[in-house]
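J.: Quick note, the sequences are listed as chains E and G, same order.
Its first residue numbered 1, the first sequence is counted upward by one per residue in this note's numbering.
Its first residue numbered 1, the second sequence is counted upward by one per residue in this note's numbering.
Some hints here could point you the wrong way.
To be verified - The calculated lysine-lysine pairs, modelled on BS3-like cross-linking and capped at a C-alpha distance of 25 Å, are:
no.: 1; chain 1: G; residue 1: LYS182; chain 2: E; residue 2: LYS207
no.: 2; chain 1: G; residue 1: LYS160; chain 2: E; residue 2: LYS84
no.: 3; chain 1: G; residue 1: LYS182; chain 2: E; residue 2: LYS79
no.: 4; chain 1: E; residue 1: LYS233; chain 2: E; residue 2: LYS202
no.: 5; chain 1: E; residue 1: LYS175; chain 2: E; residue 2: LYS233
no.: 6; chain 1: E; residue 1: LYS303; chain 2: E; residue 2: LYS276
no.: 7; chain 1: G; residue 1: LYS181; chain 2: E; residue 2: LYS276
no.: 8; chain 1: G; residue 1: LYS181; chain 2: E; residue 2: LYS251
no.: 9; chain 1: E; residue 1: LYS34; chain 2: G; residue 2: LYS182
no.: 10; chain 1: G; residue 1: LYS326; chain 2: E; residue 2: LYS34
no.: 11; chain 1: E; residue 1: LYS121; chain 2: G; residue 2: LYS326
no.: 12; chain 1: E; residue 1: LYS79; chain 2: E; residue 2: LYS303
no.: 13; chain 1: E; residue 1: LYS48; chain 2: G; residue 2: LYS160
What the hints assert, rightly or not - Derived CB-CB ranges, DEER-like:
no.: 14; chain 1: E; residue 1: GLY206; chain 2: G; residue 2: GLU186; range: 51 to 61 Å
no.: 15; chain 1: E; residue 1: ARG35; chain 2: G; residue 2: ALA204; range: 43 to 53 Å
no.: 16; chain 1: E; residue 1: GLY206; chain 2: G; residue 2: GLY29; range: 31 to 41 Å
no.: 17; chain 1: E; residue 1: LYS134; chain 2: G; residue 2: ALA240; range: 51 to 61 Å
no.: 18; chain 1: E; residue 1: ALA328; chain 2: G; residue 2: PHE158; range: 31 to 41 Å
no.: 19; chain 1: G; residue 1: TRP211; chain 2: E; residue 2: GLY65; range: 52 to 62 Å
no.: 20; chain 1: G; residue 1: GLY164; chain 2: E; residue 2: THR53; range: 20 to 30 Å
no.: 21; chain 1: G; residue 1: LYS345; chain 2: E; residue 2: GLY278; range: 23 to 33 Å
no.: 22; chain 1: G; residue 1: ALA231; chain 2: E; residue 2: GLN98; range: 30 to 40 Å
no.: 23; chain 1: G; residue 1: GLY164; chain 2: E; residue 2: GLY312; range: 49 to 59 Å
no.: 24; chain 1: E; residue 1: THR31; chain 2: G; residue 2: GLY164; range: 19 to 29 Å
no.: 25; chain 1: E; residue 1: GLY65; chain 2: G; residue 2: ILE188; range: 30 to 40 Å
no.: 26; chain 1: E; residue 1: LYS134; chain 2: G; residue 2: TRP324; range: 42 to 52 Å
To be clear, the hints were calculated from the coordinates, so they are not data collected in a lab.
We put the CB at the ideal spot given by N, CA and C, even for glycine.
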Amino acid sequence: MARVKTGVRTVGAVLVAVLGVTAGLTGCSSTGGKRAEDARKAATAQGKAAVNTPRWTFGMVTHSGDGDTFWDIVQSGAKQAARKDNINFLYAHDDEAQQQAQLVDSYIDKKVDGIIVTLAKPDAMKGALARAKKAGIPVITVNSGSAESKDFGALTHIGQDETIAGEAVGEELNKRGKKKALCILHEQGNVGHEQRCDGAKKTFDGKIQNLYVTGTNMPDVQSSIEARLQTDKSVDAVVTLGAPFADTAVKAADSAGSKAEVDTFDLNEKVAAGLKSGDLGFAVDQQPYLQGYQAVDLLWLYKYNADVLGGGRPVLTGPQIITKDQAAELEEYAKRGTR
Amino acid sequence: MTATAPAPAPGAKTDERLVKTSPLKKLMGRPELGSVVGAIAVFIFFSFVADSFLQASSLATVLYAASTHGIMAVPVALLMIGGEFDLSAGVLVTTSALVSSMFSYQMTANVWVGVGVSLLVTLAIGVFNGVMLTRTDPPSFIITLGTFLMLTGMNLGFTKMISGTVSTKSISDMEGFSSAKKIFAETITIGGVDFKVTILWWLALIAVATWILLRTRVGNWIFAVGGGEDAARAVGVPVAKTKIGLYMGVAFGAWVSGQHLLFSYDTVQSGEGVGNELIYIVAAVIGGCLITGGYGSAVGAAVGALIFGMVSKGIVYAEWNSDWFKFFLGVMLLLATLLNHWVRKRAEATK
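Put together the whole structure using the sequences plus the hints.
T.: What follows is the structure in structure tokens.
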């Protein structure tokens with residue numbers, strides 16, 4: 001047992017040493033970090049209610065998985081509009097269709113004054129929307145489901161048509177004289193992802209191929225893209241379907257020694273920085289902040305003034321093609337989490 | 001392989017452990033033999049099917065993919081030899097990366113401080129797993145499933161609470177970042193080919209783990225604990241300490257992988273890592289570790305990770321229809337495992 005005691009003592013000594021070293025560095029970084037962010041934030045003010053309508057409650061239910069950057073931005077848009085419109089805003093999400101429908105049901109039970117919902121798996125949501133209608137609760141659909149929204153009895157749909165967004169990518173690639181592109185799908189079996197790649201295929205004059213990667217494992221994403229670029233030197237464009245994957249694709253292209261230009265759907269702080277520095281060619285933004293903001297605001301307009309936007313057709317929030325020219329301005333907005 | 005026999009058989013005239021065995025027979029008895037044959041088969045297969053598989057740069061990519069799984073597969077294999085599972089290993093990697101990133105950012109501290117804090121936190125979670133297991137009755141499967149769920153929730157909850165979004169803020173402009181990047185995410189160019197530093201970490205872990213298993217008393221304890229816990233306790237093996245140590249080993253691996261994740265991508269997505277724990281276990285099993293414990297090797301687990309890396313990237317090099325990617329992956333892994341199993345059976349028969 002003496003051996004064990006020394007073992008424990010060694011472990012203790014190592015931990016103390018680690019602590020000592022970290023304490024020795026004492027600490028502070030004079031660049032970046034929270035302090036820099038606080039300095040940036042100091043100026044921005046939080047808004048307050050701009051109207052004195054009753055405090056209605058709106059519930060939003062999305063098909064987002066846990067920890068998705070995109071839906072964070074949608075939420076921050078919705079919250080901003082809710083603050084302005086004196087709305088009590090509720091949010092819930094589940095990536096399984098059945099669970100998502102149950103969440104809508106529970107909001108109906110709570111007798112909320114309006115519901116915002118995504119129709120990523122429309123059939124599963126049909127019943128829930130019918131119940132909302134029966135209960136007299138107005139519904140607005142966002143993001144996905146532009147085709148079904150009207151039939152299911154929603155007031156309006158706000159979002160991007162994935163096929164149109166894909167087509168915009170194909171056209172932009174043509175404009176840039178690209179010949180062979182890779183479409184990187186980070187979720188196998190996601191309908192919206194397939195539509196984007198198919199849309200791009202439709203308008204792109206060159207050749208485009210799909211590549212699946214495991215989106216929950218970044219090193220795997222990198223090595224898979226790297227492997228494909230090593231094996232096919234003629235690829236001159238890589239299109240990722242989500243902002244976090246763009247930077248990884250750039251690294252993969254670098255280490256594969258490929259000259260391919262990396263382009264992406266969606267925007268975040270890093271994508272904006274990448275566009276600014278020229279690492280990325282362009283980004284197709286569907287403006288998630290706008291989707292959340294508009295949904296809440298339009299529900300408020302409907303409750304207050306019986307206004308409906310879109311005339312039964314989807315209100316498109318994208319695609320907006322962003323290049324180097326707009327990047328500098330958008331980087332600041334992306335940093336605060338609204339673009 | 002004397003280590004597999006925790007209790008000697010007293011009274012026998014010539015101890016079976018003292019019987020001389022030829023080097024060939026010794027080789028045939030190694031647990032990793034099957035996986036090595038499997039790896040060679042997969043390698044030959046893809047050299048024929050995929051033109052670019054044999055390029056030096058492609059092999060470096062395959063090694064990188066193998067090392068990112070292998071860094072975890074090695075300590076996970078040791079834990080399995082000790083008879084336990086860790087389902088929280090995949091998300092623990094993400095936790096480790098999140099802790100260093102957020103600590104450094106929120107405190108505006110030198111990045112190395114965050115890295116140190118992360119090591120302590122990660123090891124503490126390993127100790128938590130080990131202590132919970134040894135102090136209570138439920139199997140490690142259930143205990144670490146609990147930890148897995150808690151960590152998944154905490155990764156998301158804390159990240160959202162502290163940074164306001166689901167990914168961490170970039171720390172690439174902070175002090176200490178570039179030196180930490182050198183240690184955890186450097187690219188080393190040898191003869192025009194880029195190798196990732198994770199490969200070195202991987203090799204070092206294999207060496208240390210093999211040394212512990214085969215040359216130290218702790219190694220004997222690990223085999224003994226996995227072979228039969230009560231018997232091991234009866235001969236004076238500190239069962240609880242060994243198991244806690246094994247969980248700390250997994251935690252250390254998670255720390256290394258987590259820091260690699262952080263310093264190669266400088267922001268971390270809080271939802272990552274789910275599902276990877278199964279890949280580590282798969283690698284260990286392909287490498288010859290028994291699911292029931294008491295048998296296996298670190299080298300085998302490393303070869304298992306190599307097989308996984310070769311197959312998953314080989315499919316891409318071969319440009320097979322990507323709709324079928326997961327199917328091909330499953331088929332190849334099954335084949336490699338079956339071949340491995342067959343070779344081992346043959347080896348044991350000739351013993």
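J.: Look at the Cβ atoms of E/ALA328 and G/PHE158 and judge whether their distance stays inside 31 to 41 Å.
T.: Hint holds: Cβ distance 32 Å, inside 31 to 41 Å.
J.: Hint says 51 to 61 Å; check whether the CB-CB distance for E/GLY206 and G/GLU186 agrees.
T.: violated (36 Å)
J.: That 30 to 40 Å hint for G/ALA231 and E/GLN98 (C-beta), does it hold up?
T.: violated (48 Å)
J.: Holds or violated: the 23 to 33 Å window for the beta-carbon distance between G/LYS345 and E/GLY278?
T.: Violated, since G/LYS345 and E/GLY278 (Cβ atoms, about 58 Å apart) do not stay within the stated range.
J.: Falls inside 43 to 53 Å, the C-beta gap from E/ARG35 to G/ALA204?
T.: violated (36 Å)
J.: Just to be careful, I want the Cα atoms of E/LYS34 and G/LYS182 compared with a cutoff of 25 Å; is the pair within it?
T.: holds (24 Å)
J.: G/LYS181 and E/LYS276 were given as a pair; does the straight-line alpha-carbon distance stay at or below 25 Å?
T.: Measuring from Cα to Cα gives roughly 23 Å; hence the hint holds.
J.: Starting from the range 52 to 62 Å, see whether the pair G/TRP211 and E/GLY65 falls in it by beta-carbon distance.
T.: Violated, since G/TRP211 and E/GLY65 (Cβ atoms, about 42 Å apart) do not stay within the stated range.
J.: Should the hint that E/GLY65 and G/ILE188 are 30 to 40 Å apart at their CB atoms be regarded as holding?
T.: 36 Å Cβ-Cβ, so the 30 to 40 Å window holds.
J.: Given the hinted pair G/LYS160 and E/LYS84, is their alpha-carbon gap at most 25 Å?
T.: holds (23 Å)
J.: Is 42 to 52 Å a correct range for the gap between the Cβ atoms of E/LYS134 and G/TRP324?
T.: Between E/LYS134 and G/TRP324, where Cβ atoms are some 44 Å apart, the hint holds.
J.: Is G/LYS182 within 25 Å of E/LYS79, Cα to Cα?
T.: Given pair G/LYS182, E/LYS79 is violated - Cα atoms ~41 Å apart, limit 25 Å.
Comparing the model with each earlier hint shows violations of hints 1, 3, 6, 10, 14, 15, 16, 19, 21, 22, 23; every other hint is respected.
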